[in-house]
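This is what each chain is made of:
Protein chains: 2
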Amino acid sequence: MASIKPSLAKGTRDFSPVEMDKRNHIYNTLKTIFRKFGYAEIQTPSFENLSTLTGKYGDEGDKLIFKILNSGDYLSKAPEDLLGSKNSTSLISHISEKALRYDLTVPFARYVVMHQNDIALPFKRFQIQPVWRADRPQRGRYREFYQCDVDVVGSSSLLNEAEFILIYNEALVELGLKDFNIKLNNRKVLSGIAEVVGKPGLIVDMTVAIDKLDKIGLEGVNKELLERGFTQDDLEVLKPIIELGGSNEEKLSSMREVLSSSEIGMKGIAEIEEVFDYVRKFGRGDLLEKIVEVDITLARGLNYYTGCIFEVKTNEVQMGSIGGGGRYDDLTGMFGLKDLTGVGVSFGADRIFDVLEELNLFPTEGSARTKLLIVNFDSNLESYTLPLLYQIREAGIAVELYPSAVKLKKQMGYADSKGIPFVLLVGVEEVESGQLSLKDMKTGEQQKVSIEELIEKLK
Amino acid sequence: MASIKPSLAKGTRDFSPVEMDKRNHIYNTLKTIFRKFGYAEIQTPSFENLSTLTGKYGDEGDKLIFKILNSGDYLSKAPEDLLGSKNSTSLISHISEKALRYDLTVPFARYVVMHQNDIALPFKRFQIQPVWRADRPQRGRYREFYQCDVDVVGSSSLLNEAEFILIYNEALVELGLKDFNIKLNNRKVLSGIAEVVGKPGLIVDMTVAIDKLDKIGLEGVNKELLERGFTQDDLEVLKPIIELGGSNEEKLSSMREVLSSSEIGMKGIAEIEEVFDYVRKFGRGDLLEKIVEVDITLARGLNYYTGCIFEVKTNEVQMGSIGGGGRYDDLTGMFGLKDLTGVGVSFGADRIFDVLEELNLFPTEGSARTKLLIVNFDSNLESYTLPLLYQIREAGIAVELYPSAVKLKKQMGYADSKGIPFVLLVGVEEVESGQLSLKDMKTGEQQKVSIEELIEKLK
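Chains A and B supply the protein sequences, listed in that same order.
The first sequence: position 174 = 174 (our numbering), numbered continuously.
The second sequence: position 275 = 275 (our numbering), numbered continuously.
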């Protein structure tokens with residue numbers, strides 16, 4: 001076979017040992033917290049039947065799904081006219097019947113429907129797996145990236161929403177973040193606003209415009225609202241809503257006034273208040289003062305969410321949202337299982353990685369790394385070093401003997417580049433005295449230790 | 001969108017919470033041991049450039065690689081003659097430039113070559129990721145399955161081989177297996193045999209035939225050897241080798257006699273002896289008596305391995321090999337980096353899963369599962385149960401409050417189906433007395449406990 005210069009497929013990444021340590025730090029932190037809240041892990045296959053995925057993400061989304069070519073003589077049943085006219089779009093279904101997972105939500109819906117007779121409701125699951133999108137790669141955007149989703153289906157209780165606030169808070173605090181916000185909105189509030197303005201049909205246009213407040217300001221939003229079919233009078237009604245300020249209590253109070261005539265709007269406010277009430281009962285009313293922020297401009301995934309909507313942002317680093325989610329009332333409807341309510345949130349693991357990196361928040365000593373390198377001075381000493389190596393490992397400590405007696409400098413360089421914190425120097429003198437020379441790679445200090453002291457120190 | 005009845009893509013599986021617990025038990029056991037021996041985790045992307053994978057697995061392997069269709073108007077540059085003649089094979093390179101990982105070895109080789117300036121040799125890595133093959137699915141064979149590979153490149157020391165014997169033993173013992181064998185051979189021994197017979201060019205034919213001894217017996221092997229170009233005289237020379245018996249020492253002794261005239265053969269024997277010597281120095285000579293078995297018929301991956309060859313079998317369950325590996329001297333040559341020696345082994349996680357399942361060796365209490373369900377009798381009690389819930393979680397215990405006050409039977413059923421071992425019954429009486437009723441779901445026993453006692457018990 002010809003020797004080729006290897007490269008990565010566009011938009012994909014290798015993860016080195018150091019990067020894996022860091023990624024596992026994030027995943028393990030999240031998993032531990034998810035489990036503490038009663039969520040259990042599932043996994044779904046990397047590829048699904050194309051028909052399972054098609055039509056779930058809009059036309060743009062469909063284009064970004066990676067399709068897998070059928071095996072064998074895949075052209076044999078392809079219609080000649082489609083081949084002749086080079087009709088890429090129409091030909092797909094004839095040459096591809098599988099596609100890579102685009103997100104974790106649709107496979108989860110499929111899972112729930114297929115296993116509905118085996119699972120106890122409410123079903124609380126988390127899922128941390130890669131997804132693939134044929135996006136144009138750019139800084140921070142990859143064609144393969146991990147999603148971390150945590151959802152519960154089959155429970156309408158707003159206790160779940162309150163717990164997601166606790167989960168977000170605990171996870172981000174545990175990861176070392178100090179200044180972040182969990183933004184909260186409710187789709188019913190948005191419906192209420194559209195109703196009060198008298199234009200329920202324009203709710204999507206309204207929220208798309210309001211969503212841009214941060215970027216284009218009130219004037220820009222008003223201009224866009226006018227273009228999208230609202231009147232100057234509507235803008236007057238909307239103004240206090242769009243410019244809502246003050247504490248959460250003040251915001252809710254203003255909203256109650258504006259939405260008093262809308263049943264659905266008032267229901268949305270009541271839901272937000274009930275979530276807050278749960279958080280207070282948990283003894284974490286402090287979060288409502290400092291972390292949680294009612295944000296009426298939050299409208300992500302509107303076609304989808306039916307109740308509370310979440311979005312999480314860090315204020316320590318310039319970065320888009322690092323998490324989000326909400327309640328949906330018809331997740332599994334697409335697969336024929338109606339009226340199953342659910343709520344879930346997602347953690348943007350790749351963005352959180354970048355944030356922790358920028359803030360230097362990863363643990364300096366990877367728990368997964370080798371703790372000790374035993375220097376190999378002379379293969380004749382192996383009758384001493386091998387039982388020693390065995391004994392240290394038996395104590396559960398990650399340790400290596402350099403596999404050959406090369407120059408000391410090379411062995412130290414190995415320890416250094418691998419981030420091994422301690423090196424043990426065992427020469428003839430050490431073998432005779434039983435006092436081993438332990439070198440701390442960070443400080444450069446060297447001390448004599450017995451085997452027992454060594455194990456105690458490294459444990 | 002139309003409602004469709006969902007199904008899994010052929011040859012793929014969902015993993016439920018219970019299955020994930022079990023799979024994680026295997027992965028975590030392996031990872032802990034790999035790390036203890038100084039191996040660090042890496043991950044490579046799920047898809048690679050098609051050119052990276054093509055030609056590495058033989059013609060049959062190439063056919064089993066899942067190709068990913070190019071995005072967008074993928075037919076635009078497809079040659080019209082190939083479309084017209086429906087030439088599936090030749091068209092592939094025009095409509096697909098990416099493919100799913102077929103194993104972890106080739107991506108690892110690519111990784112080493114691409115990152116050769118960043119990694120310190122010897123480079124010790126493990127990798128646990130799914131691979132995909134377009135095989136016809138059957139019992140125990142899937143189109144998506146996990147490989148667990150552990151390799152070191154850049155060290156010719158046979159200490160590595162000895163440590164793989166320790167790793168296999170420790171992992172399988174830790175997983176609960178009691179009767180298994182690690183079979184050991186050396187490619188150089190096989191070369192020596194072919195040399196002694198005077199037919200070095202027939203080494204592949206010879207080993208393919210010898211490899212079948214278990215299945216077709218000596219007579220069958222002889223018949224096949226004759227068909228493949230060996231003479232009756234050759235069979236006489238080969239007989240003691242094929243029928244090699246007794247202890248490892250006896251086998252090595254016979255081999256030394258037969259191969260005394262072959263330099264390479266004697267080198268192979270010396271390598272096996274050196275590995276044994278390392279194992280003895282580790283204080284684990286017992287493994288050479290009970291677990292490790294020199295097996296001259298072992299010839300897996302012959303085109304590939306250049307030194308020691310490993311294969312692991314369990315004797316407790318009817319099952320193919322649950323692991324294997326060996327030394328290769330030119331892994332990265334395919335990507336232009338010559339003379340980098342390596343040795344590695346693999347664990348068949350899916351087969352090990354089946355073995356543990358059949359022998360009932362999975363831990364009964366999944367460490368990942370919810371430990372306690374607090375029954376929700378009345379939402380009015382939530383001012384009591386929510387702080388309690390919070391307090392128990394703060395102690396690091398996985399606990400849930402049933403999210404609504406439905407019938408007790410339903411809540412108990414939930415705990416039961418989710419495998420939650422304890423249920424806490426908190427009614428008005430319990431709130432007043434501070435003595436909570438804790439029910440053990442396995443024994444059915446119920447006892448009164450204070451909050452402190454509860455936390456102590458569950459920790």
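No lab work stands behind these hints: they were computed from the structure.
A few of these clues could be false.
Identical chains blur together in the list; that is why a pair holds if it fits in one copy or across any two.
To be verified - In silico DSS-like cross-links for lysine-lysine, where the CA-CA straight-line distance does not exceed 25 Å:
1) Lys338 / Lys5
2) Lys86 / Lys239
3) Lys338 / Lys407
4) Lys290 / Lys442
Now for the hints, and whether the structure bears them out:
1. For the homomeric pair lysine 338 and lysine 5, the shortest alpha-carbon distance between copies (13 Å) is at most 25 Å, but the shortest distance inside one copy (53 Å) is not.
2. In this assembly of identical chains, lysine 86 and lysine 239 lie within 25 Å of each other by CA distance neither inside one copy nor across copies; the values are 52 Å within and 62 Å between.
3. For the homomeric pair lysine 338 and lysine 407, the shortest alpha-carbon distance between copies (23 Å) is at most 25 Å, but the shortest distance inside one copy (70 Å) is not.
4. Within a single copy, lysine 290 and lysine 442 get their C-alpha atoms no closer than 39 Å, and across copies no closer than 43 Å, so neither meets the 25 Å cut-off.
When the structure is compared with the earlier hints, violations turn up for hints 2, 4 and for no others.
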